[in-house]
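Given chain Z, work out where chain U should sit, using these hints.
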Amino acid sequence: MNSIISSNVIRFILLVLAQVLVLSHINFLGYINPYPYILFILLFPVKNNRMLFLLLSFLIGITIDMFLDSGGMHAAACVTIAFIRPAVLKFCFGAVYEHQTIKFNQVEFGPRLTYISILTVIHHFLLFLLETFNFSKIILVLQKTLFSSIFTIILCVLVTIIFSRKSK
Amino acid sequence: MQQIVNFILRNKSFLLFILLFSISLVFTIQNHSYQKSKFVNSANFLSGGIYSKANNISQYFGLKEQNILLQEENNQLKSALFNLDKEIKPSFLDSLSYTSVYNFTPAVVIKNNYTLSTNILLIDKGKRDSIKQDFGVITSKGILGIVDHTSTKYATVLSILNTKSKISAQLKRTNDFGTLKWNGKSPELVQLVDIPSKAKLRQGDTIITSGRSAIFPKGVPVGIIKDFKLDAAEDFYEINVILFNDMTTIEHVYVIENKDAKEINNLINPVDE
Numbered sequence: 099m100n101s102i103i104s105s106n107v108i109r110f111i112l113l114v115l116a117q118v119l120v121l122s123h124i125n126f127l128g129y130i131n132p133y134p135y136i137l138f139i140l141l142f143p144v145k146n147n148r149m150l151f152l153l154l155s156f157l158i159g160i161t162i163d164m165f166l167d168s169g170g171m172h173a174a175a176c177v178t179i180a181f182i183r184p185a186v187l188k189f190c191f192g193a194v195y196e197h198q199t200i201k202f203n204q205v206e207f208g209p210r211l212t213y214i215s216i217l218t219v220i221h222h223f224l225l226f227l228l229e230t231f232n233f234s235k236i237i238l239v240l241q242k243t244l245f246s247s248i249f250t251i252i253l254c255v256l257v258t259i260i261f262s263r264k265s266k
Numbered sequence: 241m242q243q244i245v246n247f248i249l250r251n252k253s254f255l256l257f258i259l260l261f262s263i264s265l266v267f268t269i270q271n272h273s274y275q276k277s278k279f280v281n282s283a284n285f286l287s288g289g290i291y292s293k294a295n296n297i298s299q300y301f302g303l304k305e306q307n308i309l310l311q312e313e314n315n316q317l318k319s320a321l322f323n324l325d326k327e328i329k330p331s332f333l334d335s336l337s338y339t340s341v342y343n344f345t346p347a348v349v350i351k352n353n354y355t356l357s358t359n360i361l362l363i364d365k366g367k368r369d370s371i372k373q374d375f376g377v378i379t380s381k382g383i384l385g386i387v388d389h390t391s392t393k394y395a396t397v398l399s400i401l402n403t404k405s406k407i408s409a410q411l412k413r414t415n416d417f418g419t420l421k422w423n424g425k426s427p428e429l430v431q432l433v434d435i436p437s438k439a440k441l442r443q444g445d446t447i448i449t450s451g452r453s454a455i456f457p458k459g460v461p462v463g464i465i466k467d468f469k470l471d472a473a474e475d476f477y478e479i480n481v482i483l484f485n486d487m488t489t490i491e492h493v494y495v496i497e498n499k500d501a502k503e504i505n506n507l508i509n510p511v512d513e
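Chains as they are written, first to last, in my numbering: chain Z, 99 to 266; chain U, 241 to 513.
Simulated from the structure, these hints should not be mistaken for laboratory data.
Don't take each hint at face value.
[As the list claims (entries may be wrong)] So the derived list for chain U, only partly shown, Cβ under 10 Å to chain Z, looks like this:
no.: 1; residue: L256
no.: 2; residue: F417
no.: 3; residue: K425
no.: 4; residue: Y494
Virtual Cβ for every residue (Gly too), placed ideally from N, Cα, C.
Extracted from the complex, chain Z is given alone in its bound form:
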């Protein structure tokens, strides 16, 4: 139990630092930035208390917001994907999730990719919608969502592959 807490604390700090110091300044093709800090929410242990999980998601979102001066848009997007995560887990992993025995480094690549993609796209869409705050610029929002999501999904998959080898 202790190792779960400490590994999540370390993951929290590392992801926030990587996000605000490096990844938010990539600006690929002018405006495309990945947001792989949501890995914290994606990889959070399934068995844990749901209230705690929502609060922690809010905390990581508001921390990112504080660093990037973005009000509360990251927090809103994070809380939303944390709230809908159980439904997405059920959709992607089916019976495995029902028995509460899921380990992220043991599931197959296919379901894992769908799981990451669905949550990433929802998160990014909400994030850019709140950032633009203007329904008339919906095309710009969709464009940003598409490109940034591709970037984030590739990074997330790479990170999970690299680190799952180590933890076995």
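Chain U alone, transformed into the frame defined by chain Z:
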């Protein structure tokens, strides 16, 4: 009563989600309205400290370009100073009004943004260096933005590349003035609106600040006209302005304090407290 408690217990995670989501929405909306007090900004001990540590390291990679920029500015100032020498007539100086109206404080940008629609910069000077809200910020090449929030050691700057920012500007040649805005598209272009259609514009005309807002002094360079067209009602021009500043590589800036700002604002808005 029992049923209400049961309902809350059954839906506690949904209620918590609604609560957290509305808190973040409130923060977001506050962030989108111009100059409302915010609880969450990067001018605080934690994020300011981490950004200045990181900037200490990354500063070294741009030393060469920044040196060249500063040298160019020195050069300009030197030539202005030596040309000024001949024109000063000491007999006209009034010793009572000797102090200058504008006060300059040098600062370093430790966080820069130009990809969002509401871009905010962080500088390493704050209340301790008597930086306050609504001070102007410029670089050696042109204008940059307006100070928004301050903490003891840091301050956030509302960049000119922010859809919320509005700065009064004018044509250098004809003195027609309008408002400088940004449409959120390119970090090299800003838009000058409200220039009356009778003004005679040319491509390549220089735009400067007008000094009407008591934030910037008159004559701070902004950029040159790229192209212009009349708006739908054909009363005003909409002008695309190429900024002199390269907003992507800003490091050394100057914060301007207008010592008469309070007096001017009191005159203009006497009802306001």
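| task | Classify the hint on F417 (chain U) as holds or violated, based on whether any CB of chain Z lies nearer than 10 Å to its CB. | result | Where the cut-off is 10 Å and the nearest Cβ of chain Z is about 28 Å from F417 (chain U), the hint is violated.
| If you take the shortest Cβ to Cβ gap from Y494 (chain U) to chain Z, is it below 10 Å? | violated (21 Å)
| query | Measuring from the C-beta of K425 (chain U) to each C-beta in chain Z, is the shortest one below 10 Å? | reply | holds (9 Å)
| query | Close enough to count: is the Cβ of L256 (chain U) nearer than 10 Å to one in chain Z? | reply | Holds. Min distance 5 Å.
Taken one by one, the earlier hints fail for this structure at numbers 2 and 4, listed in ascending order.
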